[in-house]
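Once you've looked at the hints, go ahead and assemble the two chains, each given alone in its own frame, into the complex.
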Amino acid sequence: MDLRRRHFLTLAAAALSAPALPARAAATGGTEKVILDWYRLILELVRHTATYSPPVAARAFGYLGVIAWEAQAAARGYPSLAGQVNGLPPRPNDRMARDPAVVMQGALTAGVRALFGNTGPTGQRAMNAMQKRLDALVGGRAADLAKGGEIAAHVLAWAEGDGGADVQNLGFPDGYEPSNLPGAWVPTSDIRLQQAPLLPEWGHVRPMAMADGMACTLTPPPPYDETPGSAFHAEAMEVYETSKTLTDEQKIIARFWSDDPMLSPTPPGHWISILIEIAARDALPAERLADALARLGMAQNDAFIACWQSKYEYNLIRPVTYIRRLIDPKWQTLLITPPFPEYPSGHSTMSGASAEVLTAIFGDGFTFDDATHADDGLPVRHFASFRAAAQEAAISRLYGGIHYRAAIERGLDQGACVAQHALRLKTL
Amino acid sequence: MKWLPLLLVATPVLAQEPAVPQFRAEPAAVAHRFSGEWTFMVGGGVAAFDCSGDGKPELVMAGGTAPAALFRNDSTEGALRFTPIPAGVEMTDVAGAYALDIDADAVTDLVLLRVGENVVLRGLGNCRFERANEAWGLQGGDAWTTAFAATWEAGAPWPTLAFGNYINRAEEAFPWGSCTENWLLRPDGRRFAAPIPLTPSYCALSMLFTDWNRSGQPALRVSNDREYYKGGQEQLWHVAPATPPRLYSEAEGWQRLRIWGMGIAGADLDGDRYPEYFLTSMADNKLQHLKAPGPGALPQYDDTAWARGVTAHRPYTGGDPRPSTAWHPAFADVNNDGFTDLFVAKGNVWEMPDFAEQDPNNLLLQGADGTFTEAGDRAGVASGLQARGAAVVDLNADGRLDLVVVNRNGPAEIWRNAGPGGHWVAIDPLQEGAPNRNAINGWVELRAAGRVQRQEVTVGGGHAGGTFAPLHFGLGAANQAEARVIWPDGTEGPWQPVPVDTVTQIRR
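From first to last, the protein sequence lines are chains A and H. The first sequence begins at 1 in the working numbering and counts up by one. The second sequence begins at 1 in the working numbering and counts up by one.
Please keep in mind that the hints were generated in silico from the structure rather than gathered at the bench. Among these hints, one or two may not hold up.
[To be verified] Reference listing, derived: stretches of chain H covered by chain A, where coverage requires no fewer than 3 residues with Cβ under 8 Å from a Cβ of chain A:
#1 278-288
#2 347-359
#3 471-485
Here a beta-carbon is modelled for each residue, glycine too, at the ideal position from N, C-alpha and C.
Just chain H, with the same shape it has in the complex (with noise of 0.2 Å):
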């Protein structure tokens, strides 16, 4: 009769298991590798944004010694299906692409980040790019480029970019210690300035800026891949306009910590206003909890990811014991229960045999309790290949996210989401003339079944690429919502009833 006691125990607990997605892998969707050997074993970013204006994103994935490529999304409400197009993004040495709209005209342009100089193309429209560095000024310098971020200054006309180097790609025997300058490159009108050095600068893999204390200030976050630096850490920098960056010291509350920083994800989790930030590493995953939340707080944070179920530290299915390497995190709501999901892309680094090479991705689902459950062999994403960059985005506009992984030296994947899922809202926020037009660092709040959920509008983080589109919300069984816009100024826009199961534009 042992056996009855367990079962009581475990039913609530099952009772409260989120409802897992079916992902179904579209092999024929798209075909695509990123290539390379030592300096393409980081990198491999997607971007993923609509250029077409159907609604539906369009994807660019960085090639390395193959050229990036533009997919255009020919997919349907059923299967997915993506073309390659001539857009002029096919160049070499590519391992990252982030999109953003630079001048403000309503037509999406990219950063592509290269071993080598990297390149602002402006968008033309129709999927269509051309080079922009010499008109804009932007100097794409000689690095090797491995992260990006971008934020709209108070008051300026152009965003301000943030672009992170890694190695000094030219030492051979001695590449520890060798990091080469971050830059920032702040606007000068309608171009870019000079660079600025952020010094120091620690081999940074992710950059992403984000207003972490709800300050209305966005900072600079990186995160920085303790294998090359010597001296360094994950770093936070202020910037504030008309004032040169400068590092939150440990005097400021900054707390030290030394990780494999390979990607940036943040979420407010908790719905305490304050985002949470999962930090990719190599079985050493942080979720970080601010510690105090509230005005004035310090950036000090726990590390929640074993509490919360996120250490994602081996993979969880497939027998390899090894620890895991983990890339591009994202928080998104994959089965529309109203509850933030976690993916994260894996794959080892190149043949390091003390980690696993059979190194599943993960999909962790939260619950209502806060924690999250491993689906990632249950969804059908538990690819074996050498992820790197990746994307949670609703492809096939059926108001599902769906998944698209860029694998090193092997195909990239994509997979459908068949669901189930609840309801769902996406928000388009829209400063309609203003210089950031999309409300970068901004943020959505939609509330629901008597909760708020809330989004940053973000450009950089992740590994290596991001996602520029609507911000998706699940509602699970709520059938009517309510949305607003925190403004980057910080204006409150009003709660308005949004539609349910439909995307909506909200201007200013």
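Isolated chain A (complex conformation) (with noise of 0.2 Å):
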């Protein structure tokens, strides 16, 4: 599984002297434009769909990558998850020598449709052209678009049966009441909906990979404590402390990673954007991709899923109450709280396992740029490793204010052991 770098480059070179594709692409370089195509629609539509908070993003990312490994499976006859991730049932028998992307088309298209389907208008325009763009670049028979259908609707039926199909209130229940008790989550915001925290039962999610929600449970955070010298106290004054001299470098890298909702394509969205830049760019043929964008998406979906188990099994006060109520009133944080409890992190948690899972696949050193933030004027960054760029995520919620250092370590733990239960799968 570990495709070294020489491999892409060797590919890409061999890219830029191929003659332009034909007007019917071929098998597999329609594919890989199929799918790209689609996941940078998609990235569009998680930032621009009001439920897209990041547990729902990472569990449509997960669904969504599962359905492109299928669509691949049946068509060239690779192994199926059916069987070897949590509850989906093989499909019927599949006939081969269908046109990978024509059936890549047909089961995206689905896949998108039906995450995306409570989108906004312009989201709805959107899936439309892309639909009727790409139906023109592959051609291709009916049936196999079907064929691409049917691969979908099976995943999906699958999909409707974790508990994470319906968001209601974009994610905040009614009736929430916070727990009175000294060191628990209190709301951080102005605004009315997030009075109540962020799906509190998104825990209780099936997995897709790993076992169930408590497969990778973390150790205790410090324990809460207002004592100056305890050791909570002494994680909140880090953040405190950090907040006051943080560098222009250190801003830019909370901006870099902030990834709000409905402003961005979410944390797990940066890491999708990452797979797919380095898959443009290295010409990464549709297969592996597709291999790739199913291991990370279910790595995301489960990382969501361990890391709000437990964020709700601490239910944990978050900096800017216990710094305000204790140290300094006035204190701003850099970026907004998120309205959940704080350990661990999530961004954490999910970068720890999508770092692992594209080691695993790219290699350890596999250098990249990240220009997923590009268009809205954050710069391009540069990273030596996947893990260095978890790893900068990761330190980013503390300088933004909003985590403490436990989480944000034993959050990038949780990731690790989350990942390796995706990478266990049997694929190519």
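Take a look at the structure:
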């Protein structure tokens, strides 16, 4: 599974010297374009669909990745994930020698339309335009499009039963009563909907590759303590003092990984963006791309489930609440504090999982540029490895004033644990 | 016996409850629809202004794919009645409309915001208009225009116009991040010069020239739709005479805010001389209060929407629990009790299942303690249609503010305010012979019962439409009042008694 960078550079050079694709795309090249174009749109749909908070986005990336892989598997004879991931039954026997690009187009069209059926009018219009554009590109038999649709329907039927399909009130439950215990999370936002925490039951959603939400549990954070000099107080002081001495570089890092819902593709979308940038740059073959998207998406989905299980197990107070209560009533965070408990850091868990998956696929020391937020005016950042990127994403939450160090470090560990479950699956 | 202390606690609150005005729906008063699909999911503005000279405002309503229309006001003091008449506004693709007197000829002109070329119409009198783009040198562009504001810069013979533009409508698969340039059109003598791009532009849905810091120099507030911009935020522009416009920066205190900005309304709610701003959004409406009012104030605001009870974040009646979508906001004293109230037009964008489908308009009544109470259902204006633009204006000259709402793909609605309500005055400031005849960006102050109310005279804001009419003040039980005008150049006019329950023109 360890594809070295030299291999991709060779492919990229070959692609550059190849003639333009004919009107009806070559099988594999067309498949790659279908995947990449849909995923570019998916990143926009995640950003512009109101229910797509990070856990919900990760769930979509998980199922879309599985759909992409199953489409490749069906058309090219690779192993299916049915029987490997939790609760996905096998499909009826597939006949081989289908056009992979057309099957992929049928599958992703159906998958995206289903998972983003609740997006707004502009998203609906964009999905129509994308379908039309890619239908024209791949041409192909209606039967292959239909087969792709069947594959997607099979995965979507599986998705319906995971406990995460129905997101009401943008994920903020009615009637939530915050705990009165010292050290417990309390709302940090002036937005009325956010007086309840986001998706408190998400830890019970069925994972894909992990057995359940308890598969990667954490040790407790430092015990809540208001005493100066205590471990907890010291962690809060670190957040506070760091905020007072932030360098410009640290501020950029915090904003680069802020990945706010509705203003970005969210943290899991950020890592999907990294993957598709690499895939486009290095002309990653379709089967490798589909495999990577499936593993990455499943790991992200499971990372949020594990993380949310821990968040609501420990229900920990955010730095902004603790620091204003005990250290500095006027303290301001650089980033907006997310509306849910602190421990562990969701971005850290998810980034840890993403980095482990991508490291397993592309190798350690794989360098890349991350231009996810270039359109938003943020700089392109260069990373020496996926793990380096994950570590930066994690520490960005401390720079932003929204997490203590324990949540960051143990979040990364939790993510690494989660990733192993996705990496055990058999595909190529 | 547990009920007794509850009653004792509740009694003072009940005593402060504002009077709820009764709005009578008048479905036969006007027949109009704002229709269209994607390019008319926003817009749907209405301009209210008197062009017949009888003191009662006519209405120009955007029509989207249907023609815009002017409705002559044939209302009596009782029933409201409007008659469509040929006026020169009957063109398609109109998203919004604002009235103002551009050439200071005492005849109101019109600006029509369109998906396509914007059109300025010169008023000919008696509610007739003619196209003036060429005569006035106004470049109408070819954008999806969704916002407008005007001011008169010091020494300028004509107004400076700001046009806010939305998405590049040619973009289908990736329209996000395609916000097109907003424009500032300054006068060049008695014509308009070439547009000055207001870049970066972030898909404006409302613009307002407003003297936010009482410096005498209005700035341009722009509310932007985060759905479509990348790297964007709300904006405040310096627009100083003979100087290129420039954004307020973080170094000047500007604080980044990113919302689904759809409408702006300003009012000095707390009597500190500085306006608060209500910004409409989706479940995230803001009521901004200047953090440190006073000379040298920084453009930094606290969000007081929750504290004052105007979050209006979900339907309050009808049983739909999903979040709300807010469009045109308007501050106005609808019960004439001397405290400014807030109307918010509500409606789903377009089959967005995560947001309320039945999304009633809000009528939030301000009490003496500065908090607001929802009364839309009790007042009778809780329509579940897809509201967009609106006007809160006295349509039948009875001293009570009525309500017009333009609905997308539905009939426009009109309600007559049947009271109860207290005394009132309306002030019409006039600079006879001056370019800025209607004292735009001046202030009217009214003193009654020991309190001073004040309103800024503006052209712009709301959602795609505005009211161009005398400024209305409720007086409650007070039957005496004084008023003065702080003219746009900063000159403070004298306090002068004004008769109650009538419109008074204050001339300079």
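Hints and how they fare:
1. 278-288: Coverage by chain A holds for the segment 278-288 of chain H (3 residues, Cβ < 8 Å).
2. 347-359: Per the Cβ count (7), the hint holds.
3. 471-485: violated (count 0)
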